[in-house]
Each structure stands twice: as C-alpha cells, then as structure tokens.
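Given next are the chains, with one letter for each unit.
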Amino acid sequence: MQFLAPAALAGLAALSLPVIIHLLNKLRIREVRWAAMRFLQTAAQKNQRRVKMQDLLLLILRCLVLALVVFAFARPTFEKIEKSTLVAGDPLTVMVLLDQSASMGANDGVEARFTAARDSALKFLEELPSGSAAGLLLVNDTYSSPVARPSRDLSLVRRSVELAKLTDRGTDFQPAVRAAVEVLRNLPGRREVHLFTDNQLSGWNALEAVREFLKTAPDIKVIIATPGAASTAAVDPSGNLAITHLKLDTAIPVAGQPIRVLAEITNTGDTPANGVRLTLALNDDAPSADAVITNLAPGGTRYIPLLVRLPGTGFHTLTAALPPDRLAFDNRRTLALEVAPASDVLVVESRRGPALWQGSGHFLATALAPVDEEAASRHYLHVTRATAADLDPSKLSGYAVIFLAGADALPLPVVSALADFVKAGGGLVVMPGDPTPADLFLDAPWPDLLPALINAPLEPARGNVQDGPFNHPLLSLWNDAAAGNLNALRFNRVFALDPLKLPEVSVALRLADNSPVIVERTVGKGRVVLFAAPPIPSWTNLPLHPAFVPLVHRLYAGTARASTLKLNLAPGDAFQAPVPIDQLNRDVYVRAPGEDSKPVAIGRTELVGTQAVLRVRNTSAAGRYTVYVGQTERPDFVFAVQSPAAESELKSAPADILTTTVAPATGAPVASTPPAAAPAKPLLTAQQLWLIALIAAGFLSLTELMLALRSSRSR
Amino acid sequence: MAATHTLLDPDTLSRAEPLGLFARRVVEGYRVGEHRSPFNGFAIEFSQHREYSPGDDPRHLDWKILGRSDKYYIKQYEQDTNFVAHLLLDGSASMSFGSGTVSKIQYARGLVACLGFLILQQRDAVTATIFDDRPRETFQRTDSLGKVHQLCTQLTNFTPGRPGNLRACLQDYAARLSARGIVVVISDLLDDPADLLQALRRLSLTRSEVIVFQVLDHEEITFPLEGNIRFIGLEDDSRLQTNPADLRKSYLAAFNEHQHAVRRACEQCGVHYTLCDTSRPLAEALTGYLAFRAKAG
Chain A
1 MQFLAPAALA
11 GLAALSLPVI
21 IHLLNKLRIR
31 EVRWAAMRFL
41 QTAAQKNQRR
51 VKMQDLLLLI
61 LRCLVLALVV
71 FAFARPTFEK
81 IEKSTLVAGD
91 PLTVMVLLDQ
101 SASMGANDGV
111 EARFTAARDS
121 ALKFLEELPS
131 GSAAGLLLVN
141 DTYSSPVARP
151 SRDLSLVRRS
161 VELAKLTDRG
171 TDFQPAVRAA
181 VEVLRNLPGR
191 REVHLFTDNQ
201 LSGWNALEAV
211 REFLKTAPDI
221 KVIIATPGAA
231 STAAVDPSGN
241 LAITHLKLDT
251 AIPVAGQPIR
261 VLAEITNTGD
271 TPANGVRLTL
281 ALNDDAPSAD
291 AVITNLAPGG
301 TRYIPLLVRL
311 PGTGFHTLTA
321 ALPPDRLAFD
331 NRRTLALEVA
341 PASDVLVVES
351 RRGPALWQGS
361 GHFLATALAP
371 VDEEAASRHY
381 LHVTRATAAD
391 LDPSKLSGYA
401 VIFLAGADAL
411 PLPVVSALAD
421 FVKAGGGLVV
431 MPGDPTPADL
441 FLDAPWPDLL
451 PALINAPLEP
461 ARGNVQDGPF
471 NHPLLSLWND
481 AAAGNLNALR
491 FNRVFALDPL
501 KLPEVSVALR
511 LADNSPVIVE
521 RTVGKGRVVL
531 FAAPPIPSWT
541 NLPLHPAFVP
551 LVHRLYAGTA
561 RASTLKLNLA
571 PGDAFQAPVP
581 IDQLNRDVYV
591 RAPGEDSKPV
601 AIGRTELVGT
611 QAVLRVRNTS
621 AAGRYTVYVG
631 QTERPDFVFA
641 VQSPAAESEL
651 KSAPADILTT
661 TVAPATGAPV
671 ASTPPAAAPA
681 KPLLTAQQLW
691 LIALIAAGFL
701 SLTELMLALR
711 SSRSR
Chain B
1 MAATHTLLDP
11 DTLSRAEPLG
21 LFARRVVEGY
31 RVGEHRSPFN
41 GFAIEFSQHR
51 EYSPGDDPRH
61 LDWKILGRSD
71 KYYIKQYEQD
81 TNFVAHLLLD
91 GSASMSFGSG
101 TVSKIQYARG
111 LVACLGFLIL
121 QQRDAVTATI
131 FDDRPRETFQ
141 RTDSLGKVHQ
151 LCTQLTNFTP
161 GRPGNLRACL
171 QDYAARLSAR
181 GIVVVISDLL
191 DDPADLLQAL
201 RRLSLTRSEV
211 IVFQVLDHEE
221 ITFPLEGNIR
231 FIGLEDDSRL
241 QTNPADLRKS
251 YLAAFNEHQH
261 AVRRACEQCG
271 VHYTLCDTSR
281 PLAEALTGYL
291 AFRAKAG
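So the protein sequences, as listed, match chains A and B. The opening position of the first sequence corresponds to residue 1 in our numbering, with each subsequent residue numbered one higher. The opening position of the second sequence corresponds to residue 1 in our numbering, with each subsequent residue numbered one higher.
Keep in mind that a hint or two might mislead.
Stated by the list, open to error - Computed far set for chain B versus chain A, every beta-carbon distance over 10 Å:
(1) Gln48
(2) Glu51
(3) Asp62
(4) Arg134
(5) Ser144
(6) Thr156
(7) Leu205
(8) Arg230
(9) Ala283
What the hints assert, rightly or not - One side of the interface only, derived from the structure: several residues of chain A facing chain B at Cβ under 10 Å:
(10) Leu27
(11) Ile29
(12) Glu31
(13) Gln41
(14) Ala43
(15) Asn47
(16) Gln48
(17) Gln54
(18) Arg158
(19) Arg159
(20) Asn295
(21) Ala482
Rather than coming from a laboratory, the hints here were simulated on the basis of the structure. Computed from a prediction, not measured in an experiment: that's the story for all the values here. Cβ atoms here follow ideal geometry from the backbone N, Cα and C, with glycine treated the same way.
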C-alpha cells in the first residue's frame, strides 16, 4: 500500500490526544468527603467492571476514528504510483494548458470535448498536493496567458479555467508548450506541463521542433490528457460534414447579377453523407440558395456551386450552412465581399480602318462589355477604346485596368505614365501584336514592368495549351469540368516569351510545348499580365473560344486596382481599414457574430502616418462582423472570420507523440493507441480508499456516540 | 445569646408558632397544661365515679350521692397536663456533610432549637440529647422558656466527629424513658433500615409519640456530581475513586431503595416521618410538618 500524501500520516500523533485526555481526566481528581458511602460502594461494586470496559471501548473507538480520518487524508492506494504523475504528495509546480481551439467543440451528444477538458483540468487542480502552484495558458493557434506564471492561489487558476471559453481558432501546440516550459525552466521543485486537449493531429505540425525543444528541459514532464476525445471519436452516429472552403467563383461580383459561389464540402466523419442540404444566405438573411449533397464518402471532398444575386454595391456576406452535426463550428462559413461600383477600362489598340470593328482590340472590348450600346452605360465596366496616338498620359490614372491589345508603339511619356499607373496599383495587360515593333519593349521602363522578355513571334510546334489542373487563379475556373475546358484553344503564332527569373513573376499558362503564353508579374502595388498573342483570330482562336469572356473578366478582376481591404480573416487576425480623416477619433462599434449580439464599442479610430484607420482586434469567433464608425445606422464595413479548415479534421495524434507520459484523465484511452501506463486508475483507487476510510470513520463516530449515550443512560 | 440568634430563625418561629406542637397522644405531665393527662384526679372536668375504697382521700367523696343513696363514691376528673418532648439529635460524623451553605448538622440544630422554643413557649417540657454512638450531650428537662438559650448554646458547642450507632442509642433511650411523651428523632438515617426499625419499635413500646425528621443534603438525594472524584467516608476511612456520572443511576437506585425502607419502617411503627432537604428553608419543612400534624389531629 502506498500513500499519496504521506505527510498527512504525521496526523497519527493526534491519536495520543484521546489517550492524554483520558489520562488527564484520571489525574484530575477532586476529593469529596461523603456521608452516604454505603450507596456509592453498592453502586461501584455493581458497575465498576462494566464501566471500565465501556470506557476502554470508547477510548479505542475514538482512537480508531482519528486514525481513520488521518488515513483518509493520507490518501492510501493499493497500487504503485509513478512518482512523475500528478498525485504524489510533494508540492508540484505545474502549467496547465487548456485547448480552446474550434475542434474542442466536438461533442458526443452529451458533452463537448472542451467541457470535458475544462472539468478535467478543474479536477486536476483540486487534487493537486497542498503547497502546489499552477499557471494557466489557453491554447489555440497561439496562446493566451490568464495566469502566466505558477501561482499558489489555486482558486484564481480554477476561476480562470472556469471562465475560459471555446474559440473558433485553429490549433498549434508548439507556442504554448514552449512558453509553458520556458516559464517552468528556472523554477525549483517538481515541474510538469499538463495539456488538456483533444490532441488533434493537425496541432502538431511543428512536432519535431517541439521534441527538440523539450530535450533542452528533460526534467520538465509534459503530460497530455485527452478527456472526452475518445468518446466523441467512438460515438459517431452522424459523422461530420464540414464546409472547409467558401469562395467566389465569379470574377467580378456585380450588383444585380447572379454570381457563383463555390463551397468546398469535406466529409471528415466515418460515415458517408447523403442527402445533406447546403444553404447559402446573403447578409445573414434567410437562405436564398441551396443544394443537396449526395453520396459524399468519408474523407471525400466536393465543390458545390451556388448562385446568388447581390442586391447592391457595398459590403455583403455570404454564409453557407449545413445541418447540425457533432462539430458545430464547421457547419457554417461566411464569406465577405465588396461590390464595387462601375469602373473604367482602357483598351489601346491599332486600327486598320475607321470602324471600331477594325481595331485590334475589338474582340477584347466586346468581351469586356458584352452588351449593346444602350446597355453599355449601365454595365459595370465602362470600356474606352483608343489608339496609342490618342493617349493622354495625365488621364491614365482614372482607369482600373489598361489593355494594350496589339497597340502601336507608345510615346515615352505614355510609357512613363503607364509605369507610374502600375506602381500605384493599376492593372496592365500587354498583348503585343502585328504592329508591335520588335524593339518596343527593350527600352526603359518596359524591362521593369514586363514579366518576360519578348522575342520575335514564331509558330509553335504544338499550338494547344497544357492540360490542367491550373494552379493560377486566372485559370482555376477551368479545373471544374462543369465550367468547360480549354482543350479547343489554339495558338497559331505566339511571341516567344522568356519569363524573368524573379519571385514576383509567375507563368499562368503554357502551351503543350511548354512555351509560356500568359505570364504575370507584380510591380509595385499593381500587376502586369503579358500575353504571347493579341486577341485576334489570326493569331489565336481565343477570342472565338467560349472561355474568352470569362477569361477576360478574370483578367480584369485579377489585375484591377483592387481594394486593399482584407475582408476574410482567420480567427485572431486584426481587421484594419482606412477611414476618411474627418472620422479620426470616432468611436468604433462592432457587432460580433451571434444572433442577439449588439454593437459594442471597441475603441476609436486612430492615426497611422497620415491615414486614419480603424482596427478590430478581437476576432476569435468565426462569422460575420459589422463595423460602425460613430453612431450610424448603416455599417461602414463588413468582414468575415473563417475558421481554419484543418480544424475539421478530428483525427487525434498518437498518445505518445511527445514520448512522454500520457494520461487520459477520464480513464478513456486515446483513439487508435493502446493506453499507456495510466495514473488515472491509481488516482481512482486512491479516491475510493479515501472515501471508504471516511465512511468507516463516520460509522465508528456514530457507534461511539450511540455507545456513549447508552452507557450514560445505563449508569 | 449569639447561638440563640443563629439557631432560632424568626421567620421559622413566626410561621410555626400558631401551629404549635400538640401531643397527638395522651401525655403524662405533672403540670396543668394544654394536653390531656392519663391521670384522673382533681381537676375541673368530671370523668367518672367509682366506689370508695379504704385509703382514698375522703375529700374526693361525692357528698351528693352519699346524701341521696348513702353509698360512698369517689368523683374522678380528667386532668389537663403538659408533656415532655424528648429531642434526640443525631450528632454522628455523617451529619457534618453539607454541599451548600448549610450542613446537615447545622440544619438539624436549627430544627431542634425551633422545636424546643415552640414547645417551651406552650408551657410544655423539653429535654434534648445529642448522640452518636452514645449520648454525648444532654439538655436537662425544663419547662422554662428562659432555658432555650442554654439549649441553643449546647447545640452550637457540639461538633460531630464520631461514627454513629442510632439503634443502640435509641434503644438505650427508650429503656430509660419513664413517662409517655413525644420523642423527636432528628437524623440523616443513613444506617441500616433494619436497625432503624428495631429502634423505632423499641421506642413505640414506651407508648410515646415518635416523630422522625430525616435531614439530608440535596446532593445526597440527587447525586449531581461530575468529574473524577475521590469519595472519602465521613464515619470511616473508606475511599472510592470514580466518575459519579458512571454510578449515578445505580447510586440513586440504592438510595431510593434505602429511603423506601426507612419510610416503611416508620409506617410500621406508626411514626410520623418527615424528609428535610437542607437546600429548602427550615421554615418550609417545619411548618409543613406542623400543618400536617394539626390537620391529622
């Protein structure tokens, strides 16, 4: 038998108390001269033996009660307990790490992993040996420190654990483990790190780094407790279907026009999903589109397209939702987008005649605004066509994108203005053509703008384009067979492009003979896309191909003077947006996700450099955020926070992932691994003996009381 | 005089005086008093006639009968007389016990003094004896109220210290009792009840009226003591160390049995028995008994 708190056995000295009291009572004698001795002697002869026996029995009972209470406090156990576990009697200095990542929201229908982990942490803190100190870190993709250093005020730590809340953030154990070990490194005594988590495999991306780091502190034990993880993995009647990605599949979101949204659905459960309804809601209203997911096998992923019509310009959110399952956070995903008002596009071309259709940019201009003249003014792209000679360098900055579609040589001031235009964030698409002089792009500043050197045109050996999949966002649309394909695309002649070996240069499309056809380069705040051929049927059938219009629009969307606002954030990222200078020092209110949440003041707009900006830092919850500057009815900004898709993968890491002791606190082994030498069982045994000893002490106390009452009556 | 003031409680006397102590039976006195005398003679109240016999005083001849019938009859009268009260006080060592402000002997002294005063005041005679294993102090017979101070002085000067022998003393006193009267025994009666019964029987044979006052301390009656106590006997050197709480029930059982035997002995001998608890006022015990006596006739 072992004792978990052997120091408490010193309390056995208290056994002498009843004996001393007994002896003191015997010694403290009063003398009384008494007349009626006859009766006393008669009574004494009759009772003395019984009274002595009863006194002795009572003394023994009282000693036994004390011994049992001391025994209970010493927490006896029959099984040998590893000294490294939490229950030894010496004080422990411990850092408690509580996982609050989104995956901890998984539940088995009764209890969420997070609740189980929190309860387990509280129980652990309650059972710490006296004199122990504990700190608390809350773990997600980073960590927060409610109790940064071990404190002997364990009630503070327990309170902090009780106040901890689940977040929609990802998991990365490395920063928290490192921080906890660093805190304990220079502290004396027995030190341990206890991580209460679901031990999600994706949280150990930096596993080797953690292992290497732990070797620097060999005397600090890291113990992983996985309460609830096994039960939620085992009980899985409905599986888990997750929206792992939600993106806009339309190049330019336009008010009043249907736009296409792609939802990536992944089945992370163990059962196939069939007949599950996916809905899409605009601005948290009632769902305006839906689709049914059929036959999605476990581990499978499917892209579900949904069409929605945006009511107007400005900020909008699209929220895709699945029916509830055992992991709630990934059943909803919100995408924020901004619908810009109409923008101007300039197409610079060369003309063979006075008619517009004789211009080299005619196909391009028509594809940019594929509407008749009457509707052109209402179209979201206002296309202006001009020749190189008509260009006014001072007016270039008013366009979002400038296309050079087989244009003549540009005057130097225009080229300089173009360079400034791109560096300031404008988009430039260069499509050299027949009238383009061979040496046009050799002079400065062209080499600083173009992503490739343009050599003389040639007829390619194989004029078709490479097969997909296409990695570049410009062409990713055609990864989905439903959107068509580029198989019929042919290039008869192309300029031989020699892409620059620069990190900001990327090739979007190559021909089957590997020669690049579309190359992109980031210049300053803007982008330059270089085509190997002009949009003229004599060079390529691209203008006649069904993919031409969407490609042109994606080209526009990819190069247009984009908004610098980052509207879709990961949990924990700060939202930052510029505001007019006259709104400096205004109160900023944010309505966080949640049905009944109200706008809460989070601070004021501030001055950064010469720009007034607002910042929203607390973005732990996923969903739609609306931001108000001042007391206004209409939100000034809307953004969305999306949980990391990896959180939906509930696969647990092996229990001995750190090659340290693993303690499934609730006695349940971690899935897919045999239970290690678990201290939970001795802990349970110790608790049982503790209870038994206390119950026995109570019973003996009752017996003693009854006996004392009975003997006093009988005497 | 100091002893008189100490023992004669004015309150007790003022409450007991109207009740008085009248002889329940016919007592033999030698002075005319308030009590009927067994001697028929020459007093006021006529009793009967009897024939004259030689030797009778011719003054008692009923001359009217002699004149009418020429027969010699002697007139006999009932004679009112006083009585002698024999106050027998137990002075054994056990009487010195007292848990409160008053010990048993102090209480008994007061009782004797008050009884003596009351009896003398109604012109009866009193004699008192203090005994333990034998008579130690005797207050000579007197009918003078003025002698009550001497009685008190004698009572006060006596200090108990020896073991008692109630039976021997009472039997011896009964043997020496020459005339009927009232015998008042004041004791704690902690002796064997069988001895008491024998002594009372012997006293009853004297045809005197016997009254017993048992004086006990409140602690002896209720035994409320706590803690570890070494009890030391007052009349012998017997010692007993115990926790009274352990023995209380048995002690009270034995004590009550003893008391029952004492009462039964008194009833068997036609003796008035009164228990005096020293925690209660003397006046209450005395007037209680006298009232009972007056009522009982």
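Requested in this report: State the violated hints by number, sorted upward, taking the hints as numbered earlier in the document.
Outcome: 8, 18, 19, 20, 21
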